[in-house]
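Turn these sequences into a full structure, and let the hints steer you where they fit.
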Amino acid sequence: MSSDFMIAIHALAYLKIHERQVSSEELAQNMCVNPVRVRKVMAALNKAEIISTRKGIDGGYSFSLPDEKITLAMIYDALPIQMFNTSWRSGDVNMNCMISSGMSQLMDGVYADMEKSCRATLTTMTLHDVVDQLEAIRESRKHEHE
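For the sequence shown, our numbering gives the first residue as 1, with consecutive numbering after it.
Don't read these hints as lab results, they were simulated from the structure. Just so you know, these numbers come straight off a predicted model, no measurement behind them. Note that beta-carbon positions come from the ideal geometry of N, C-alpha and C, so glycine has one too. Do not rely on the hints blindly, as some may be mistaken.
What the hints assert, rightly or not - In the DSBU-like style, the derived pairs of lysine-lysine whose C-alpha atoms are separated by at most 30 Å in a straight line are: (1) Lys142 x Lys16; (2) Lys116 x Lys142; (3) Lys116 x Lys40.
As the list claims (entries may be wrong) - Between beta-carbon pairs, the in silico distance windows are: (4) Ser100 x Arg138: 19 to 29 Å; (5) Met83 x Glu49: 14 to 24 Å; (6) Met98 x Met6: 30 to 40 Å; (7) Arg37 x Leu134: 47 to 57 Å; (8) Asp77 x His18: 52 to 62 Å; (9) Arg119 x Lys47: 15 to 25 Å; (10) Asn34 x Ala136: 24 to 34 Å; (11) Met6 x Gly59: 39 to 49 Å.
Here is the structure:
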């Protein structure tokens, strides 16, 4: 799975907490990644109309949709990624061996089922849920240090 999914969720949670236009440089600094990677991910979210962008000196990113309406599946679908995918295949479909000739097709089916199951889970969680969980983590950490 690509780290773009994590970058997207991190960026959107940051936008929600700060509720203002945020630049790619600010997001990148908070994520500890290169701003170019952030811009690439944010361009995909913009294309999917999850966020909007404004160019210029005081430009940046902001929400197009309420956080309660943004599911993790919407974010995932906006990105050109698959969670369970590999271009490498073991064996060779032209070999006489049942295992070597069939493993690629079998694993493609397994990966497709895993992808479908994972995507179904992503439809049940919103960005609002993510922010709520992050706030709960922060609160639990406060109590650990008391």
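Here is how each hint holds up against the structure:
1. Distance restraint check for Lys142 and Lys16: the Cα-Cα separation of roughly 21 Å lies within the 30 Å cut-off, and the hinted pair is therefore satisfied.
2. Under the criterion of a C-alpha separation no larger than 30 Å, the hint pairing Lys116 with Lys142 is inconsistent with the structure, at around 37 Å.
3. A threshold of 30 Å between alpha carbons decides the hint, and for Lys116 with Lys40 the separation of about 25 Å falls inside it, so the pair holds.
4. Separation of Ser100 from Arg138 is about 51 Å and departs from the stated range, judged on CB atoms against 19 to 29 Å.
5. The given range of 14 to 24 Å is respected by Met83 and Glu49, whose C-beta atoms sit roughly 23 Å from each other.
6. For the pair Met98 and Met6, the beta carbons lie near 39 Å from each other, so the given range of 30 to 40 Å is met.
7. A hinted range of 47 to 57 Å is violated for the C-beta pair Arg37 and Leu134, which are about 21 Å apart.
8. As the Cβ distance of Asp77 to His18 is approximately 25 Å, the hint placing it in 52 to 62 Å is violated.
9. Checked against the hint of 15 to 25 Å, the C-beta distance between Arg119 and Lys47 comes to roughly 19 Å, which is consistent with it.
10. At roughly 30 Å, the beta-carbon separation of Asn34 and Ala136 lies within the given 24 to 34 Å, and the hint holds.
11. Separated by about 24 Å at the C-beta atoms, Met6 and Gly59 break the suggested range of 39 to 49 Å.
Violated hints, in rising order: 2, 4, 7, 8, 11; the structure is consistent with all others.
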